[in-house]
Amino acid sequence: MSVDPQRDPVKGQNGQNVGQGGGKNGYRVIGSRPLRPDGTDKVTGRARFGADIRLPDTLYGKILRSPHAHARIRAIDTSRAQALPGVKAVVTAADLPSVESKIQDLGEGAINLRYLSDNLLAHSKVLYHGHPIAAVAATSPHIAEEALALIQVEYELLPPVLDARSAMAEDAPILHEDLRTDEMGVRGDRPTNVASHLRHQRGDLEAGFAAADVIVEREFFTSPVHQGYIEPQAATALYNADGQITIWTTTQGPFSVREQVAQVLQIPIGRIRVIPTEIGGGFGGKINVYLEPVAVLLSRKAGHHPVKMVMNRDEVLKATGPTSGSYIRVKMGANKEGKITAAQVFMAYEAGAYPGSPVGAGAGVILAPYRLENLQIDGYDVVVNKPRAAAYRAPGGTNAAFASETVIDELCEKLGMDPLEFRLINGAKEGDRRADGPVYARIGYLETVKAIQAHPHYTAPLEGKHRGRGVASGFWFNWGGRSSATASLNADGSVSLVEGSPDIGGTRASIAMQLAESLGIPYEQVKPQVTDTDSVAYNDVTGGSRTTFATGLAAYELGQKLKAEMLRRLADLWETEPEAIHYEDGVFSHGEERLGFQEAAAKIHETGEPVMVSTTVYPKGVGPGFATHVVDVEVDPETGKVTILRYTAAQDVGKAIHPSYVEGQIHGGVAQGIGWGLNEEYVYDQEGHLLNASFLDYRIPTALDLPMIDTVLVEAPNPGHPYGVRGVGEVPIVPPAAALANAIYRAVGVRMNVLPMSPARILEAIWAKEAQAKEPV
Amino acid sequence: MPSKVMVSTHLNGQEVTFLCEPRQTLLEVLREELGLTGSKEGCGNGNCGACNVLLDGVLVNSCLVLAVETEGRTVTTIEGLTPPDQLLPIQQKFLEHAALQCGVCTPGFIVSAQALLEQNPQPTEGEVRRWLAGNLCRCTGYDKIVRAVLDTAQTLAGNSAQDSDQEVGG
Amino acid sequence: MHAFEYVAPLSVDDAVTLLQESGGAAQVLSGGTDLIPQMKEGRRRPPLVVDVKHIPELNELVYDPVEGLWLGAAVPCHRIVGNGAIARAYPGLVEAISIIGGIQIQGRATVGGNLCNASPAADSIPALIVHRAVCHITGPDGARTVPVEDFCTGPGQTVLAPGELLVRIHVPAPSPNQGGAYQRFIPRNEMDIAVVGAGAALVLDEGGQVIQSARIALGAVAPRPLFVEEAGAFLAGKPVSEEVLEEAARLAREAARPITDMRGTAAQRKHLSQVLTRRVLLQAVQRARGEEAGRRNGHA
Amino acid sequence: MPTVWIPPLLRELTGGQERVTVPGRTVGEVIQALEERFPGIQERLCQGNRLRPGITVTVDGVLGAKGLREAVSPESEVHFVPAIGGG
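Chains as they are written, first to last, in my numbering: chain A, 5 to 781; chain H, 9 to 178; chain R, 816 to 1115; chain S, 139 to 225.
One or more hints might be untrue.
Quick list of the computed label-pair ranges, beta carbon to beta carbon [stated by the list, open to error]:
1) H/G65 - A/S83: 46 to 52 angstroms
2) A/V687 - R/D956: 58 to 64 angstroms
3) R/V1059 - A/G468: 56 to 62 angstroms
4) R/R1072 - A/D81: 40 to 46 angstroms
5) A/A173 - R/A1082: 25 to 31 angstroms
6) A/E603 - H/L27: 54 to 60 angstroms
7) R/R947 - A/D81: 54 to 60 angstroms
8) R/S1028 - A/V687: 38 to 44 angstroms
When the alpha-carbon atoms are kept at most 25 angstroms apart in a straight line, the in silico PhoX-like pairs for lysine-lysine are as follows [said to hold, decoys possible]:
9) A/K335 - A/K433
10) A/K624 - A/K433
11) R/K855 - H/K12
12) R/K1085 - H/K12
13) R/K1053 - A/K778
14) A/K645 - R/K1085
15) A/K343 - A/K418
16) R/K1085 - A/K773
17) A/K645 - A/K778
18) S/K204 - A/K418
19) S/K204 - A/K106
Some chain A residues near chain S, calculated using beta-carbon distances under 7 angstroms [stated by the list, open to error]:
20) E187
21) R203
22) F287
23) W771
Calculated from the structure, these hints are not laboratory results. If you're wondering where the values come from, they're calculated on a predicted model, not measured in any experiment. All residues carry an ideal CB built from backbone N, CA and C; glycine is no exception.
All chains should be modelled from the sequences, with the hints used to inform the complete structure.
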């Protein structure tokens, strides 16, 4: 094998930057790769994650979960559990205040409070295998577990509904008697499992398909998949004797936890303080509360002891949010010139036990990379007897792109066109209209296509039997949201940065870097920390690819404000106007006067009040993200197993603040997309029992399943951010499944329409193809 | 209350005696009784490696060891592996390569990678991946982790090559 | 986990006494990589756990080119895999042992435990069967031996009577011109349970052209690891050819009676039985001839 | 006057019209104006004095934070789209 320096596994970076960045681009700090401030604690085991919290007198809480997918609860008897020595409290849904059916925006996405409450502890029905029924606090986790076994629940079994299409059937068993289909404000007139229907429509479909020279129509099936964060949910709550509540929890959004706990327990937020611990992965799955309100109830009932609750992996997989399984139908037509003439999409997403699948997002993603005149998308949010779906990295995007991007690949095949050429013909650019209506501002989609087209991966021939190369593109909206932060100037010239965005993948660094850049000081002088809900103003969750963008914008503003304040103070000292002071390269000067940043800080410290600035932002200028990926695979036609030979991802990242962590986001998203594409799925039996609730049989990729992942950071700066930042975390999970499907087709000639494309399924597809070939024509 | 057993073990270079129930795993005792929370529980059944420790120098999942089994044996956790005055080269390389995002799997990876390098100072990429396949990471796609391990090996080899050069020269 | 007592006897006799006194309720703890998760999940609730790792006989690992291999039931996999002489003598057996879990599992898991756990999908068992391994068991009534192919009686069940302890496994010395191989199919490349496992060992004539004897065994295609005696018998006396090996593989497929479960379908397992048997036979022939082919590895 | 794109599920109220121009300096005023021309549309978009949960508004492609108080210029293009949460 020849040595390609870019693929040398030892040399730090494997990727490249193209576009306007290509280096530091006049920046001092942005674009460099400093060490993260929390790194040492994380490589030495000192960092404190959710389960690492230990308070004196702590009790251990455990949850009893439903062994059934769908059943009415006739009776719960907790008396034997309560009598077990060491048990301090037992709670059931009867301990939850009754909340009205009210849709509330709780940080990210709206949810009906009644559903939220019912998901914490089932009130009258259990709606999925693993649904919580009761909780116990005891002096040891083992005693708590023993107590669970003493709780007696009487069930009336009901038939389960296990996928979107059967849930939509006329005679399907109904999960929620009061659920009616919402069609933008109009409620249906009968009980249903279809919570809502949405539609995007433009142009003339019939004319569009009539103008097509080739039409491809396919249907697709995908299973629920889990975020798979390595740290299980963990929360400790103290309901103090004075009614004040403190919650230590591993969460993407401490403010959202505060809000959810307040609403569901009917307690004012002013009595709740949420202290985020380090968070061991989330990917959208650590936004909803599962343990926190229950731990608060137990703490109160147990006599104001702290109660610590830690899920095990079985519970995480059974009862915390997977993302939706789905049924999708895509019909697309194109003319001989390679232009898409029409597209029609039907998508039904499994919401799990309560409404709220990401079908809206999926509908926005599915055709987003393309310029279309005639289109219709219908999306349905459907409840089934599975855990309530939660956000998962570009929610709803991967399965949507799997459908549309493989149909596009088939169109290309029929037209005899290179799939990247096809995308250059149809790809969206600034001024084009998205499928859901709005017009794109500056985007870098076409640049990602060109970056792959020019990449040595794509230009290198792929040789060998049963090998294939596939490409696919993806889109994600990204998000702004609300952020706040403060910065204090210390006498030695260091700056303490206090922010409220939990750091899930290096954002302390990327946010501190923006403050350093803005203030003109070295990164090492900024000391960032993530704080609790009492110590900074509201922050939306770390999610939606918003943190480096929005909290980073706050940090930029802090830098500007701090600089202005320092200028004002020095002007006072030097008896001049702030505008008259020159600040460059960390040096303030005015006439003969010169002070380095550090000296200036010391001088300001000695001569007056301390300097602290704060800022809050709610930026609108969100830049969406696009990516194009290429993958080479080899398929063993006798076993159906896929080996990934090479993977390259090009992405419009706006501006890479800390390129290592941008690459890391792409690596991680690709890895999750590959897992989704090849092996990850929830496996249920006919009664709705989840069969594979462990890391043994819920197969996330190991180090041996992945190659190095090449990245191309295309930098098309986002005009809505002073440094051009776009969210980068989500879009990389969108294309992989489709890219793999397209590569598998080229390797062994089967078009896969089911996720995951497990060896068994590929084998069956190969058999089906062989059987077809044998049939007389 | 179930009866407890007294266990003496060499833990991170010290003689430690603790009381535990036979049903408590080594991981539980480390974390809940001894305050050593660097070893993490990601799965509890040996499928993720986040709880990796060395038992008599052998890499094991501490969630699959009963604490009573460690009587008279030597246990090294991430806390004991880290030298008092500086980071191990593998830890430093993890930082430099940004080989961690959320960081919860990191202690397990460090313990595992360090055990690899002691046994096989010059592993190939394939050997690194095979060795680390029992450690799950959901954030990084393993790319930067594998690079960090290979780079550590290369750096250590460079250093020892320099050392031996000097010995020859001197 | 439920509460239980823990004892670590120092002799086989003490262990047997403890097991006998418990009336079969006690569980033997060796590497614990199966037992501990099973206890955590409540699938096993023994009142007494007998840790056998302190018994000298169970820690014995001796290889002699004439006597063969004596493998104590509590020897962890990493000791076997790390022993060059054993790996050279029984590559097909050691490669099966080397894939019982990742490195961390290898540090604890034992072949004895893999046998006694009696999973139909256990990796070491087909490999032991084809290498003619024999279990040495001690119980209240003395010692007895059982060929590995007869040791497991069903999922999680073995021939061990209450009070009986698997002490060691004996593997006969390899014959000249012997070759063995084991392969399993898993969806990932690590950390999975075999969808199907296949082991083969055969002895060629001096010229390396004629099969003198052969044994084939499959995992995960029946309630217990399956010794496909007829496929080996078919090969005995036949010259090596693609057709002959394929026919033996077909016989293995015939013998397989798999079920569909979350890890694989019956049809897939039937099919893989033939594919993997053919592949391990080819590999075993190459090894018998001394022309070992490199192992396929996506990251080599 | 600002152009409002009518969500497909509401076009039954606009006689099938895909987009209409109505006066207004804020999204709220635009909806008021729509209501005057297409009675019933306000109820489909709003709950009380805010947008319905699950609906957000974009003005000139930009997701507004102010809901009904979001400013609209005479050249603006207004869309009502599903609210999206990220991971």
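Okay, the hints, checked on the actual structure:
Between H/G65 and A/S83 the beta carbons are some 51 angstroms apart, a value that agrees with the proposed interval 46 to 52 angstroms. The given range of 58 to 64 angstroms is broken by A/V687 and R/D956, whose C-beta atoms sit roughly 45 angstroms from each other. Range check, R/V1059 to A/G468: Cβ separation about 29 angstroms, and the 56 to 62 angstroms hint is violated. In this structure the supplied range 40 to 46 angstroms holds for R/R1072 paired with A/D81, their Cβ-Cβ distance being about 45 angstroms.
Checking the proposed 25 to 31 angstroms range against A/A173 and R/A1082 shows it holds: the Cβ atoms sit about 29 angstroms from each other. Checked against the hint of 54 to 60 angstroms, the pair A/E603 and H/L27 passes, with Cβ atoms roughly 58 angstroms apart. At roughly 57 angstroms, the beta-carbon separation of R/R947 and A/D81 lies within the given 54 to 60 angstroms, and the hint holds. Remark: the range hint 38 to 44 angstroms for R/S1028 to A/V687 is upheld by a beta-carbon distance near 41 angstroms.
Straight-line distance between C-alpha atoms of A/K335 and A/K433 comes to about 23 angstroms, which keeps the hinted pair within the 25 angstroms bound. For the suggested pair A/K624 and A/K433, the alpha carbons sit about 20 angstroms apart, so the restraint of at most 25 angstroms is met. About 18 angstroms separates the Cα atoms of R/K855 and H/K12, which keeps this hinted pair within 25 angstroms; it holds. Among the hinted pairs, R/K1085 with H/K12 is inconsistent with the structure: their alpha-carbon atoms are about 50 angstroms apart, more than 25 angstroms.
Simply put, R/K1053 and A/K778 have alpha-carbon atoms about 33 angstroms apart, too far for the 25 angstroms limit, and the pair is violated. For the hint linking A/K645 to R/K1085, the alpha-carbon distance of about 16 angstroms falls within 25 angstroms, and the restraint holds. Between A/K343 and A/K418, the direct Cα distance comes to roughly 13 angstroms. Compliance with the 25 angstroms bound is thereby established for this hinted pair. Using a Cα cut-off of 25 angstroms, the hinted pair R/K1085 and A/K773 holds, with the two alpha carbons roughly 19 angstroms apart.
At roughly 24 angstroms between alpha-carbon atoms, A/K645 and A/K778 fall within 25 angstroms of each other, so this suggested pair holds. With a C-alpha separation of about 47 angstroms, the suggested pair S/K204 and A/K418 falls outside the 25 angstroms cut-off, and the hint is violated. With a CA separation close to 21 angstroms, the supplied pair S/K204 and A/K106 stays within the 25 angstroms bound. Look at A/E187: its Cβ gets to within about 5 angstroms of chain S, closer than 7 angstroms, so that hint holds up.
With its C-beta approaching chain S no nearer than about 4 angstroms, A/R203 sits inside the 7 angstroms limit, and its interface hint holds. The restraint placing A/F287 at the interface with chain S holds, with a minimum CB-CB distance near 5 angstroms, inside the 7 angstroms limit. This hint is violated: A/W771 has a C-beta 36 angstroms from the nearest C-beta of chain S, more than the 7 angstroms allowed.
Hint violations for this structure: numbers 2, 3, 12, 13, 18, 23, all remaining hints satisfied.
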